[in-house]
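There are 2 protein chains.
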Amino acid sequence: MNGAESMLQTLINNGVEVCFANPGTSEMHMVAAMGKSDEVRSVLCLFEGVCSGAADGYGRMAGKPASTLLHLGPGLSNASANLHNAKKAGSPVINLVGDHATYHKQYNAPLTSDILSLAKPVSDWLQVAASAAELPSSAADAVYAANTKPGQVATLIVPADAAWDSSTNPVEVQPRPAIPQVTNQAVTEAVQLLTNSEPSILFLGNMALTERALELADQIVQATGAKLLSDTFIPRLARGEGRCSIERLGYFAEQAEEQVAGIKQWVMVGTKAPVAFFAYPGKASELYPENSTLHTLAQVNEDAENALQKLVDELDANTFAPRMNVKNIPEPGAGELDPVSLANSFAHYLPRDAIVVDEGATAGGLCAPFSESAERHDWLGLTGGSIGYGLPAAIGAAIACPDRKVVCIHGDGGAMYTIQSLWTMAREQLDICVIILANRKYQILQIELSRVGAESVNEKTLEMMDLGNPDIDFVQIALGMGVQATRAETAEQFNQLYGDAMEGTGPYLIEAAMP
Amino acid sequence: MNGAESMLQTLINNGVEVCFANPGTSEMHMVAAMGKSDEVRSVLCLFEGVCSGAADGYGRMAGKPASTLLHLGPGLSNASANLHNAKKAGSPVINLVGDHATYHKQYNAPLTSDILSLAKPVSDWLQVAASAAELPSSAADAVYAANTKPGQVATLIVPADAAWDSSTNPVEVQPRPAIPQVTNQAVTEAVQLLTNSEPSILFLGNMALTERALELADQIVQATGAKLLSDTFIPRLARGEGRCSIERLGYFAEQAEEQVAGIKQWVMVGTKAPVAFFAYPGKASELYPENSTLHTLAQVNEDAENALQKLVDELDANTFAPRMNVKNIPEPGAGELDPVSLANSFAHYLPRDAIVVDEGATAGGLCAPFSESAERHDWLGLTGGSIGYGLPAAIGAAIACPDRKVVCIHGDGGAMYTIQSLWTMAREQLDICVIILANRKYQILQIELSRVGAESVNEKTLEMMDLGNPDIDFVQIALGMGVQATRAETAEQFNQLYGDAMEGTGPYLIEAAMP
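Going down the list, the sequences are from chains A and B.
Our numbering puts the first residue of the first sequence at -19, with every later residue one more than the last.
Our numbering puts the first residue of the second sequence at -19, with every later residue one more than the last.
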């Protein structure tokens, strides 16, 4: 058994079932090992950013890591924007990065580069497999690291000779890392703050956004009168009928300031105190009022559900029944297609247990609020701000949950970053409906331009944020990659196409004409 | 004048005319500064790998840097694969990477990352602008670094507040760095080796591949009987009628071994001694026979033309007239479209002064040899092994040389990495003909699989290198981005389409059906 084979069996023994691959010559022994195994599904992607985004989406939905297979430094670089998102999401991901054989590195062949330096910023755990003999245990360590809560990006660099040399036996199944629990002191302090009559916010993120955690949080705010808020960008949120609602902190600082006006105390669960996404001249970075009291009940890696349970117990909040959403589905939109009609239609036809992957940007901003009480669903958001995560993440979600419909709402600008994703959707016949919100501009930048105080906005400036000239025809692009697609010019057309897509299965793309 | 404006004027003062941009919020002041200026052409790209590849192609043809405009760590990551190629090519490139305002970094907002660590492996020069006041001088230093021979990748990280705060005056035009000259000792040793009757190779790369350098090299080999060879992967090579030919070292070690069999001495000009692209089990990494004598006449950064001139003078090789190619244009291919017929047609219709951007991989391998004595042209190759450079580099070459036809030969697999390039070609109406060699597989990997000794190649393994299922329709994809396109199934169809494209102007894509 060579290193690649023993490594692969180790991954399989420890629950890894899927590899999102874009291999090259230095990964050929890993490819051959996968070819021989029936226990791992290898999904070919035409660009490494698709691999990493898919692994992110998979990790969020499966609760365990898939692996990527990447070709040296450049392959890792191409994957890194979506690894950045995965790392910020706390997604479990294992990167297998092939490298030159150890003895070949010294020659500085064209593909040689400093992979460690490239990998460090996008990895929570990082190791070079020293040899074929050590490759299985390195792989086991990578799985352990990836499974460390909330989920981590583990990058294992595999020199070609570590893959092809003779190796030791695979590592058998290992225990998963335990999830750290919050201290009683942290709970006691939270109780004190939430019961001292000062205006407070219970602020949730990451692992505190499960169905159960939201029920507990709702009991707490009923008992204490605290305001409930979540992070703006969330890895995964349980929503819809039968779930408890949570308001999200606004993206723009002005919105956020309004939401938290008058608040004196913050109790954080699974997240940190909120800060502005970008800095703006003369504006504060902190989104919490000055002199706020900040208390972290549960760090990002701690057991948020259990922390909330302890808080419920201490507050005797069990007497409050969680206020779950009653199904309240909006009528589908009519007339002109715009953010309002689109969001109504989106929510109307959304099927039970759908997974929504949201990179809808400005034009899709109403889809979340309008589907608050639609059929129950999970919502995956853009966590690291690196655009082009949506299409790949939809792939990963669909592979993790083959029995659920995936709806991917995507801005047109962002979709072009990883447009190759469509081919993998077609090849794997994934049950994904992609909605491209085609407003033909980087609308968020046009908004931000004035907000940052950049003056004298003229035609030349706006051209740099304009996606017209020529218009992008996503229908043709999708058809070119084997995905059926149609453009909707009106809400009625959209309803027909989207409604049908929700009834059917398989990949489908709708280009929604947006103002 | 704010930092962004003074920085931009500094770049303009020092010869920067083009910016390949994919900006975000943190770059808005730089965008606004460009919007106000008539002296810089800003070219919007839909993905950062297009920006960096375009800057590479521009740098190779213009002999001076363009800038990129990138959005924090993820934007840089997306650009990095093609920056890797640019760095290996010795292309002058200036990256402007926006970052959070200095005071905002501490908050670890979603887009925060360790940009320095990401940038180091793909940069020859790297600096964070400390403040708006220092931004102009940092920009001047970046231009100086980029212009350092053979050309360098200079990355300047620009915090948002350095861009928006008040700044000092722009830096006026600065002298360019001098090009280092070779020592007389290096010339003397080269003369000794080339005249001692041992079998020798004059091995050229990078700056030693200009029209003039090749003439000098031809005189030297006529005078000494040395064999003339070039690097396998070359940033830019002067070819065709009226130029002196040079044989390229083969990609596969077996080919290379045959080419250099019996050679005892190597004289390197503008390059290093050759090594294998990848390691293979049980094969040597060096492509020069054991116990070879290696002598570097000119390092990569030294004045190769002048070094060759000195060598000609010392050898009295001026008496030999350079043997320039006499025009000898093959007949166009006929019948089935395959690597032979395609290469014949390619060479037949290639117009005078075309720029050929080559990422033709296996199916395009005959295009170079068959066009040896075609109309004179320049040839740009894949220098760092990171695929997806071809389409972007064609953009840069077309912008650097608006009066020349650019022909981009591209494998189908590689083209999908940066397929968004087509949109920028359409938007800027660039005179580029893209030939997609659609064999619907990663053919190089199928070849490499057996060469690395990976055994038991089965259907599942081959699927990971197969681009069929579904077939990619590049014609639809191109039309979807505004580029006219047609598929050619036979050589005759190809001749018609390609011949017409060479007569016309503007972007055009031909999908060539290849076996």
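Mixed in with the good hints there might be a few duds.
Just the calculated beta-carbon pair ranges, DEER-fashion [stated by the list, open to error]:
1) A:Asp451 - B:Gln476: 49 to 55 Å
2) A:Glu237 - B:Ser146: 23 to 29 Å
3) B:Glu443 - A:Thr148: 53 to 59 Å
4) B:Lys85 - A:Arg192: 53 to 59 Å
5) B:Ile427 - A:Ile159: 56 to 62 Å
6) A:Gly315 - B:Ala110: 40 to 46 Å
7) A:Gly448 - B:Lys263: 34 to 40 Å
8) A:Gly433 - B:Glu152: 25 to 31 Å
9) B:Ala110 - A:Gly242: 36 to 42 Å
10) B:Pro349 - A:Pro495: 50 to 56 Å
11) A:Lys252 - B:Glu443: 39 to 45 Å
Straight line, CA to CA, 25 Å or less: simulated BS3-like cross-link-like pairs of lysine-lysine [to be verified]:
12) A:Lys100 - B:Lys16
13) A:Lys100 - B:Lys100
14) A:Lys252 - B:Lys85
15) B:Lys252 - B:Lys263
16) B:Lys44 - B:Lys16
17) B:Lys440 - B:Lys421
18) B:Lys440 - A:Lys85
19) B:Lys252 - A:Lys85
20) B:Lys244 - B:Lys307
21) B:Lys263 - B:Lys100
22) B:Lys44 - A:Lys421
23) A:Lys44 - A:Lys85
24) B:Lys44 - B:Lys85
25) A:Lys421 - A:Lys440
26) A:Lys263 - B:Lys85
27) B:Lys44 - A:Lys85
28) B:Lys440 - A:Lys16
29) A:Lys85 - A:Lys16
These aren't lab readings, by the way, just hints derived from the structure by calculation.
Idealized CB from N, CA, C, for every residue including glycine.
Going down the list of hints, with the structure as the test:
no.	hint	verdict
1	A:Asp451 - B:Gln476: 49 to 55 Å	violated (29 Å)
2	A:Glu237 - B:Ser146: 23 to 29 Å	holds (27 Å)
3	B:Glu443 - A:Thr148: 53 to 59 Å	violated (29 Å)
4	B:Lys85 - A:Arg192: 53 to 59 Å	violated (36 Å)
5	B:Ile427 - A:Ile159: 56 to 62 Å	violated (47 Å)
6	A:Gly315 - B:Ala110: 40 to 46 Å	violated (54 Å)
7	A:Gly448 - B:Lys263: 34 to 40 Å	violated (53 Å)
8	A:Gly433 - B:Glu152: 25 to 31 Å	holds (28 Å)
9	B:Ala110 - A:Gly242: 36 to 42 Å	holds (39 Å)
10	B:Pro349 - A:Pro495: 50 to 56 Å	holds (54 Å)
11	A:Lys252 - B:Glu443: 39 to 45 Å	holds (44 Å)
12	A:Lys100 - B:Lys16	violated (38 Å)
13	A:Lys100 - B:Lys100	holds (12 Å)
14	A:Lys252 - B:Lys85	holds (15 Å)
15	B:Lys252 - B:Lys263	holds (20 Å)
16	B:Lys44 - B:Lys16	holds (23 Å)
17	B:Lys440 - B:Lys421	holds (14 Å)
18	B:Lys440 - A:Lys85	violated (30 Å)
19	B:Lys252 - A:Lys85	holds (15 Å)
20	B:Lys244 - B:Lys307	violated (34 Å)
21	B:Lys263 - B:Lys100	violated (31 Å)
22	B:Lys44 - A:Lys421	violated (31 Å)
23	A:Lys44 - A:Lys85	violated (33 Å)
24	B:Lys44 - B:Lys85	violated (33 Å)
25	A:Lys421 - A:Lys440	holds (14 Å)
26	A:Lys263 - B:Lys85	holds (14 Å)
27	B:Lys44 - A:Lys85	violated (31 Å)
28	B:Lys440 - A:Lys16	holds (8 Å)
29	A:Lys85 - A:Lys16	violated (29 Å)
Hint violations for this structure: numbers 1, 3, 4, 5, 6, 7, 12, 18, 20, 21, 22, 23, 24, 27 and 29, all remaining hints satisfied.
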